[in-house]
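Q: Chains B and U supply the protein sequences, listed in that same order.
Residue numbering for the first sequence follows this note's numbering, starting at 113 and increasing by one per position.
Residue numbering for the second sequence follows this note's numbering, starting at 314 and increasing by one per position.
Possibly wrong hints are sitting among the right ones.
Said to hold, decoys possible - Result set (DSS-like, lysine-lysine): computed pairs, CA atoms no more than 25 angstroms apart in a straight line: (1) B/153 / U/381; (2) U/362 / B/167; (3) U/381 / B/176; (4) U/381 / U/362; (5) B/132 / U/414; (6) B/167 / B/126; (7) B/153 / U/374; (8) B/132 / B/167.
If you are wondering where the hints come from, they were derived from the structure by calculation, not from laboratory data.
Source: prediction; values computed, not measured.
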Amino acid sequence: GAVVSQHPSWVICKSGTSVKIECRSLDFQATTMFWYRQFPKQSLMLMATSNEGSKATYEQGVEKDKFLINHASLTLSTLTVTSAHPEDSSFYICSASRSFGGSYEQYFGPGTRLTVT
Amino acid sequence: AQSVTQPDIHITVSEGASLELRCNYSYGATPYLFWYVQSPGQGLQLLLKYFSGDTLVQGIKGFEAEFKRSQSSFNLRKPSVHWSDAAEYFCAVVANFGNEKLTFGTGTRLTIIP
């Protein structure tokens with residue numbers, strides 16, 4: 113159990129276009145989802161926290177107008193990269209959190225590789 | 314400043330040898346502690362976690378980690394590595410229990426040689 117999927121797994125787009133990435137929790141409800149960005153051979157950098165039914169909370173330095181996050185249901189969060197540029201090329205990973213029995217865990221999706229040409 | 318440190322960027326180990334990956338944190342209170350593994354081009358898989366209780370934690374794939382409060386460390390160990398263990402390993406913490414945000418270390422890349 114506790115599977116998180118992402119779609120697409122990879123995408124190539126032209127500079128100036130927008131790209132939407134979906135993150136789904138397949139077998140549990142997630143009130144909170146997270147979006148990360150990872151550059152080659154680097155660690156994960158948290159971009160924003162997505163809460164169902166409310167506005168996302170962005171980390172310092174992340175442009176909220178460029179990276180639009182929508183958490184429309186307890187199983188789906190989307191990240192839209194608007195007016196993409198080559199510097200937005202990266203590996204984007206989402207996670208969904210679940211608290212249970214005094215424990216806590218984040219489950220990660222397989223990631224989406226975005227290449228902007 | 315609050316931080317998670319993985320001192321070793323890259324470690325090479327012979328197959329069958331033992332492994333220890335280091336992780337240190339700098340927070341006022343004991344955070345929730347995690348170890349994740351990432352294969353190339355993949356998402357992250359949780360190996361183990363520590364919240365409280367027994368300081369020696371057993372995880373999946375034969376990994377274990379020991380929490381040492383006096384050293385602010387949470388080192389990952391495996392007695393005998395397999396070629397399939399080659400991957401990137403991340404230590405992570407949740408320091409603010411109200412917002413559940415994970416802070417990751419910089420990662421340690423593990424290479425296995427025959």
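Q: Sort out which numbered hints this structure fails and list those numbers smallest first.
A: As far as the earlier hints go, 1, 2, 3, 6 are violated by this structure, in ascending order.
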